[in-house]
Amino acid sequence: MKFVNEYRDPELGKKLLERIRRESRKPIRLMEFCGGHTVAIFKHGLRQLLPDNIQMLSGPGCPVCVTATADMDKAIALGKLPDVIITSFGDMVRVPGSQSSLQKAKAEGADVRIVYSAQDAVAIARENPDKKVVFIGIGFETTAPTIAASILQAEQEKIENYYVLSLHKVCPPIMKAILDLGEVRLNGIICPGHVSAVIGSLPYRFLADDYRIACAVSGFEPLDILLAVDSLVRQIESGQPGVDIAYRRGVKAEGNPAALRLMDAVFESGDADWRGIGVVPESGLNLKAEYEKYDADKHFNVSIEPAQEPRGCICGSILRGVSTPLECKLFRRTCTPENPVGPCMVSSEGSCATYYQYGGNGGR
Amino acid sequence: MEDKILLAHGSGGKLMHDLIESFLPELANPILDRLDDSAVFEASGRLAFTTDSYTVNPLFFPGGDIGKLAVCGTVNDLAMSGARPLYLSLAFIIEEGLPVADLKKIITSIKKAADEADVKIVTGDTKVVNQGTADKLFINTAGVGIVPEGVEISGAGARPGDRIIVSGNIGDHGIAVLSQREGLKFQTPVPSDCAPLNGLVAEMLKASKDIHCLRDPTRGGLAVTLNDFARQSKVGIVIDETEIPVDKAVLAACELLGFDPLHIANEGKLAAAVAPGDADAVLAAMRRHKYGSRAVIIGDVVKEHPGQVVMKTSLGASRIVDVPVGELLPRIC
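First to last, the protein sequences are chains A and E. The numbering of the first sequence is this note's numbering, which starts it at 1325 and goes up by one. The numbering of the second sequence is this note's numbering, which starts it at 13 and goes up by one.
Simulated from the structure, these hints should not be mistaken for laboratory data. A couple of the hints might just be wrong.
[Stated by the list, open to error] With a straight-line cut-off of 30 Å between C-alpha atoms, the simulated BS3-like cross-links for lysine-lysine are: (1) Lys1367/A / Lys139/E; (2) Lys1367/A / Lys197/E; (3) Lys1338/A / Lys324/E; (4) Lys197/E / Lys1456/A; (5) Lys1576/A / Lys260/E; (6) Lys1350/A / Lys324/E; (7) Lys1430/A / Lys324/E; (8) Lys1482/A / Lys197/E; (9) Lys1338/A / Lys260/E; (10) Lys139/E / Lys1653/A; (11) Lys148/E / Lys1456/A; (12) Lys1367/A / Lys315/E; (13) Lys1612/A / Lys1404/A; (14) Lys1576/A / Lys197/E; (15) Lys116/E / Lys1428/A; (16) Lys197/E / Lys1430/A; (17) Lys1612/A / Lys1482/A; (18) Lys197/E / Lys1455/A; (19) Lys123/E / Lys148/E; (20) Lys1367/A / Lys123/E; (21) Lys148/E / Lys1430/A; (22) Lys148/E / Lys1455/A; (23) Lys1339/A / Lys246/E; (24) Lys246/E / Lys1367/A; (25) Lys123/E / Lys1339/A; (26) Lys1428/A / Lys148/E.
Being a predicted model, the structure only gives us computed values, none of them experimental.
Please work from the sequences and hints to get the whole structure.
Printed below as a string of structure tokens:
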């Protein structure tokens, strides 16, 4: 807990910034993958402090934001079934689907409950044996192990009325997909901190080897992020991209074996639909056959209309790093945190919400 | 006596009479004791009048409970207008099934807080509603106080040059309550800061006639209060991140949950805009008081960017301080 203050030391920060300014010569473009990093960068005003030749882009690392409209529609449709209790992380209830949101479905009578963890959802299933409890499973490799644990817990306790709608996504494949689209040219990636605590740094190796992109895993304090930028600058200037961990207190190269085992026990990789990007092979997590009975997708048969994206919303291109919220005609006008049109304005770690809350002119 | 509140306790009959009789002596004073339909008292001068309803989950939290909150909150609203709080009303909406022992504990806590704030409960009401139609207990209090002559305090009073003072660590109440919430329990050494601030305000008013704004940053935290000052007064505010007092444990909890301490509720803190010449004297007076011992100047009122609050970060950048949107929800990943 004492880490927080040490990693905000103004003197150390200024020294790091001086070093970055001294060593960074080439114009470069860096993407912070994770929404948590976007928030930290804006909250501490880091974009203003970096030299002009370093351009920062925000990536798709916000689990709420990347949930496809069709998946949201499915969650809402599940909520309208009789005797179903939908359990979800808080932000998800506000994300607009094609016509409605979980929040609106709740106002219309659906039983939608906000939980802080999948374990709470299992508890609700235990207490309501005559209902079917569906947990809307979102998140990256950070949350997936905890949801895997909830399924194992249900198995152990013989809870028969707990289901997971697995919308989980994994990071390395989407990084590859964004690069393969060729819309943004990147020199370096600030790799997510919490995700990497689970998967380690090795899965990013292909970025350095195949794409010549520098990688640095970062924590969420301002000095963590500056340390990662400093590492990226040195890798880029020396022409030797690699994968550095600038977050040694949280991340090991091999990750967290216990969490990985848990994830592997319950999930297998599969295609996933990303908002604004589409279906990306091997970028999602599906329940393995032996846990099929917990799979909401298999258990319930809901049909949904083809999804409709909100008119004028550019969340998709914001998630790909192609546009910023400032380029969206709806931003601050019809799309605000009170009345979000797209998911990036809903989640507190979405780019649009961050620009709105802290941004002014994009953090510069 | 029953050990749980029943619907019959709100029926107006004998059970209700017994219930009220059981806690009346604790709150006794000559105005209340008359038990007439309204409280009758003498008052002269400019009156301040306010009301607030209190709901908190859980009812008891480290450093306080809903009863203490209901007294301090209304006392503080009066004090923030510069008023000397005198009398409160007290109304309960009780969900059937509330343990009577809990209600008694809450009444004792109300009595203690009212004594500390030197206010009297002079009128009250009790209703009981069906299970499921209210969450355990809601309390409404209204209060009246007298504003001394010459005191003109308003959110619209800030002027460029004024200094912004906060009375101590921010975010304690919100984090203390959150730490007790079902499904999110975590250990924090920080209790709620819930306290009556009228004594502190009285000391501040003795030190200066040029206190322009006063407000207690409750829901929405210091960010909302400062934005209110900036918008109502049509001025800009610049604050310095390194000066904002936050307990380490609160900061750590905020980092963990993805919250901004500026958005977290307080129940025993105030923020003030004070004329520059008087700021040091006000600060010194505050620091002599137990609820202002950690008071500090955190920033200034400026002509630029009217309606906007800007924070200089510890690394020398600046960013906008906006109000939080909706309920604070812990981050997902």
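Results of checking the hints against the structure:
1. Lys1367/A / Lys139/E: 46 Å, violated
2. Lys1367/A / Lys197/E: 27 Å, holds
3. Lys1338/A / Lys324/E: Answer holds: Lys1338/A to Lys324/E is near 14 Å, not above 30 Å.
4. Lys197/E / Lys1456/A: 26 Å, holds
5. Lys1576/A / Lys260/E: Judged against 30 Å, a Cα distance of about 27 Å means the pair holds.
6. Lys1350/A / Lys324/E: OK: Lys1350/A and Lys324/E at ~29 Å, within 30 Å.
7. Lys1430/A / Lys324/E: Cα-Cα ~41 Å, so violated.
8. Lys1482/A / Lys197/E: 26 Å, holds
9. Lys1338/A / Lys260/E: Given that 30 Å is the threshold and the Cα spacing comes to 23 Å, the pair holds.
10. Lys139/E / Lys1653/A: Violated. Lys139/E to Lys1653/A sits at ~51 Å, over the 30 Å cutoff.
11. Lys148/E / Lys1456/A: The given pair, whose Cα atoms are some 27 Å apart, holds under the 30 Å limit.
12. Lys1367/A / Lys315/E: 24 Å, holds
13. Lys1612/A / Lys1404/A: OK: Lys1612/A and Lys1404/A at ~26 Å, within 30 Å.
14. Lys1576/A / Lys197/E: 28 Å, holds
15. Lys116/E / Lys1428/A: The hint is violated at about 40 Å.
16. Lys197/E / Lys1430/A: Answer holds: Lys197/E to Lys1430/A is near 26 Å, not above 30 Å.
17. Lys1612/A / Lys1482/A: 18 Å, holds
18. Lys197/E / Lys1455/A: 26 Å, holds
19. Lys123/E / Lys148/E: Holds, at roughly 20 Å.
20. Lys1367/A / Lys123/E: 43 Å, violated
21. Lys148/E / Lys1430/A: 22 Å, holds
22. Lys148/E / Lys1455/A: 25 Å, holds
23. Lys1339/A / Lys246/E: Cα-Cα ~38 Å, so violated.
24. Lys246/E / Lys1367/A: Holds, at about 24 Å.
25. Lys123/E / Lys1339/A: 55 Å, violated
26. Lys1428/A / Lys148/E: At roughly 26 Å apart (the allowed maximum being 30 Å), Lys148/E and Lys1428/A satisfy the hint.
Violated hints, listed in ascending order, are 1, 7, 10, 15, 20, 23, 25; each of the other numbered hints is respected by the structure.
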